[in-house]
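J.: Whenever a hint applies, use it, and build me the whole structure from the sequences.
Protein chains: 2
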Amino acid sequence: MIKIAVLGYGTVGSGVVEVIEKNRELVNRRATQEMEIKYILDLKDFPGDPYEDKVVHDFNIILEDDEVGIICETMGGTGVAYNFTKSALQRGKSVCTSNKELVARYGPELLETARENNCNYLFEASVGGGIPIIRPLNYSLTAERIESITGILNGTTNYILTKMEREGEDFADALLKAQEKGYAERNPEADVEGYDACRKIAILTSLMTGKNVDSEKIYTEGITGITSADFAYAKKCGYTIKLLARSEMAGSDRVLAMVAPFMVPAEHPIAIVNDVFNAVFVTGNMLGDSMYYGRGAGKLPTASAVVSDVIDCARHQGRVITCFWDKEDMLLADVADVERRFFLRGAQYAKETIINMLDGGRKIELEGRAEDFGYITSPMTERKFDDICNSLGDAILGRIRIL
Amino acid sequence: MIKIAVLGYGTVGSGVVEVIEKNRELVNRRATQEMEIKYILDLKDFPGDPYEDKVVHDFNIILEDDEVGIICETMGGTGVAYNFTKSALQRGKSVCTSNKELVARYGPELLETARENNCNYLFEASVGGGIPIIRPLNYSLTAERIESITGILNGTTNYILTKMEREGEDFADALLKAQEKGYAERNPEADVEGYDACRKIAILTSLMTGKNVDSEKIYTEGITGITSADFAYAKKCGYTIKLLARSEMAGSDRVLAMVAPFMVPAEHPIAIVNDVFNAVFVTGNMLGDSMYYGRGAGKLPTASAVVSDVIDCARHQGRVITCFWDKEDMLLADVADVERRFFLRGAQYAKETIINMLDGGRKIELEGRAEDFGYITSPMTERKFDDICNSLGDAILGRIRIL
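Residue numbers (the working numbering), protein chains in the order written: chain A, 113 to 515; chain B, 113 to 515.
Hint data in this document are derived by calculation from the structure and do not stem from the laboratory. There may be inaccurate statements among the hints.
Heads up, the list lumps identical chains together, so a pair's fine if it works in one copy or across two of them.
Claimed, not checked - Straight-line alpha carbon distances no greater than 30 Å define the calculated DSSO-like cross-link-like pairs of lysine-lysine that follow:
#	residue 1	residue 2
1	K323	K134
2	K439	K150
3	K439	K134
4	K289	K496
5	K323	K115
6	K411	K115
7	K496	K348
8	K156	K411
9	K348	K475
10	K347	K496
11	K463	K439
12	K329	K439
13	K289	K348
14	K348	K463
15	K323	K198
16	K348	K156
17	K115	K198
Quantities reported herein were computed from a predicted structural model and do not represent experimental measurements.
T.: The structure is reproduced here in structure tokens:
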């Protein structure tokens, strides 16, 4: 019998309780022992809730209770959550979390604390919600040198982009719909500016390289500048537009990590990932391409991933599960050095100038658009493309990288 | 240091050697110790091969060598491979295999032998080649009651169907091309009749239910009856045609397992799985849908999965990795009882009779086809649809289930 404490009785925390309750028999069987939720830590009381008698307000009750072997941290944030996680691990209690902010910021430190105390810090739910991706990277793709990871890691922005593509909506309208549906927060910054995806690709890139990737050093660009006109041109060329979180090895000792909107060929497997779905596309040197697809957010999918971690902890009590994520910083390549093709939307009045400067690409014209034109460049470094765009000033109406 | 023996120096066996060689540093690190190939068992000699000095012809040399801790069985078949696997496990040597035939037939017995001898029998490469699917089912989706699994599990037939769809070819021509490219065997029966996919879905269904599913009891239908005309009608209705290996829970104690061509909506994630790629689409009661996509065959992808098993064995020496697959037989539901929609291609001369009998569906007509017409039925049991088709005899030119 393993006793569990859940920290934070919000969306994911109550989901964890629901998954363990609904799939009780199965979860116990797979954990190879009985599991029981003993405490739920929250600031609030929950009168009438079937678990109301388990709610406590003082973390020390949990920390001091030797019966508690596994803690689910579903609070979020990097303040109290850090303190609770750290002290739980120091007591030899395993922690399973959905808190990507905390994992991205303190991952290697907390993993080390867990190792030192013969317990585990698991975070399958921190990336891709319910999609198994942390465990496949740590346990399955172990014979591979991973060459790149390309993810659609944020459901909110993917929903907005899908709406824009399918219904020709502009960003602001699609955002409003996402907010009405509860897919976007009232303050959508963390999602639409790419910060959420950035933390997640930092975690995946750290696992891919075995070294630490600081999310704050990752080049991050959101989707607020994408317009319905961009989608019209993308469609004409057989592309869609996705917010990609991407890492690729740049030589043997550097990784290029970034979050930005990309034009993706319509026939690429990741192009079919729509609405709030997420996917992670991984390229290894032996396996080639593989993809992991599913619900990247939501109460039960995320909780399911947390509970799968709880089961893994139960199966490995007193044993440390292998995870390579050193404290040493991974070197990041400069985005400006990368050579690729770019899409550009330019003002009609500057068409000749622009095309002359971007010699060698391909012009795209759409019927009924008098004000702008599209252009797909030949491969060039981002630095060179930047310079050209800067010199053209207001004549450049939009620009998107091409995958 | 762990010493490894490879049984069978064919495509997959030589791939295993190549993966361990090429990714040596990384593989050793992830296995948390050095790995070395000590023996390669084969009937032939390989003069000039860099591993020629490791080749032996007598399995007993491997069996009697206490240094050998892990064996890769990449021979195939259920005769000698069974004997070697069984006796290795009885000696406490872990076995990692790509041999789906052996796993489908003797899985629960060999798992039990491994458990009794404190070692492991792992078979990630037996389904979906390099795609991690066995481990996600066993380690990741553990909080889920799996409701269904839908797989494209055979690369040869998927290549043929993709060719037929894209180039309007008939089955025979597409098969010939697959044979020329080395994607299909000279005797293609195991692939095109669905037997290979059947063994794989038997393995996945056993892991999904925890009980044993006998592949010989699974309803299996191949793709030899699919024509270019079927694809033309499918396209007209927004479908493609895929050979699906599918299992779904039918009540709490039965599973419906089958292999058959299905019409799949073009917007379904599995519809974009083309050429020799495989995918497994899993629906759980908490997570909802998830999909695992990649190379389902080929030397290095398959070998990569075998080596990931080797690494897992190295990490778990002397410890049994949890896997639920009992000897008890899982009850199978009768395919005839299932209600679904069907596509039918009928002879023009019998159009009125057919449509009258299939009241409630939808007629599809294609320009330039004088000899036949298409029809999509309303939902009905397979038994009823069979009866109607049988009563119509030669007037039924083709029939395909709809997903």
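J.: Using 30 Å as the alpha carbon limit, work out where K323 and K134 are close: within a copy, between copies, both or neither.
T.: Cα proximity of K323 and K134: across copies only (21 Å, versus 38 Å in one copy).
J.: Treating 30 Å as the Cα threshold, decide for K289 and K496: within, between, both or neither.
T.: neither (38 Å within a copy, 45 Å between copies)
J.: When no copy is specified for K348 and K156, does a C-alpha distance of 30 Å or less occur within a copy, between copies, both, or neither?
T.: neither (53 Å within a copy, 57 Å between copies)
J.: Is it within, between, both, or neither for K329 and K439, if the alpha carbons may be no more than 30 Å apart?
T.: within (15 Å within a copy, 53 Å between copies)
J.: How do K323 and K115 come out at 30 Å by Cα distance, when the copy is not named: within, between, both, or neither?
T.: Classified as between; 29 Å across copies, 33 Å inside a copy.
J.: Go through the copies and call it for K496 and K348: within, between, both or neither, with a Cα cutoff of 30 Å.
T.: within (26 Å within a copy, 46 Å between copies)
J.: Within a copy, between copies, both or neither: which one fits K463 and K439 at a CA-CA cutoff of 30 Å?
T.: The answer is neither: 50 Å in one copy and 72 Å across copies each exceed 30 Å.
J.: Which holds for K323 with K198 at a C-alpha limit of 30 Å: within a copy, between copies, both or neither?
T.: Answer is within; shortest intra-copy Cα gap is 21 Å, inter-copy 41 Å.
J.: What label fits K439 with K150 when the C-alpha limit is 30 Å: within, between, both, or neither?
T.: neither (34 Å within a copy, 35 Å between copies)
J.: Go through the copies and call it for K115 and K198: within, between, both or neither, with a Cα cutoff of 30 Å.
T.: within (19 Å within a copy, 39 Å between copies)
J.: First find the shortest C-alpha distance between K347 and K496 inside one copy, then the shortest across copies, and answer within, between, both or neither for a cut-off of 30 Å.
T.: within (26 Å within a copy, 44 Å between copies)
J.: Go through the copies and call it for K439 and K134: within, between, both or neither, with a Cα cutoff of 30 Å.
T.: between (39 Å within a copy, 27 Å between copies)
Consistency with the previously given hints fails for numbers 2, 4, 11 and 16, ordered from lowest to highest.
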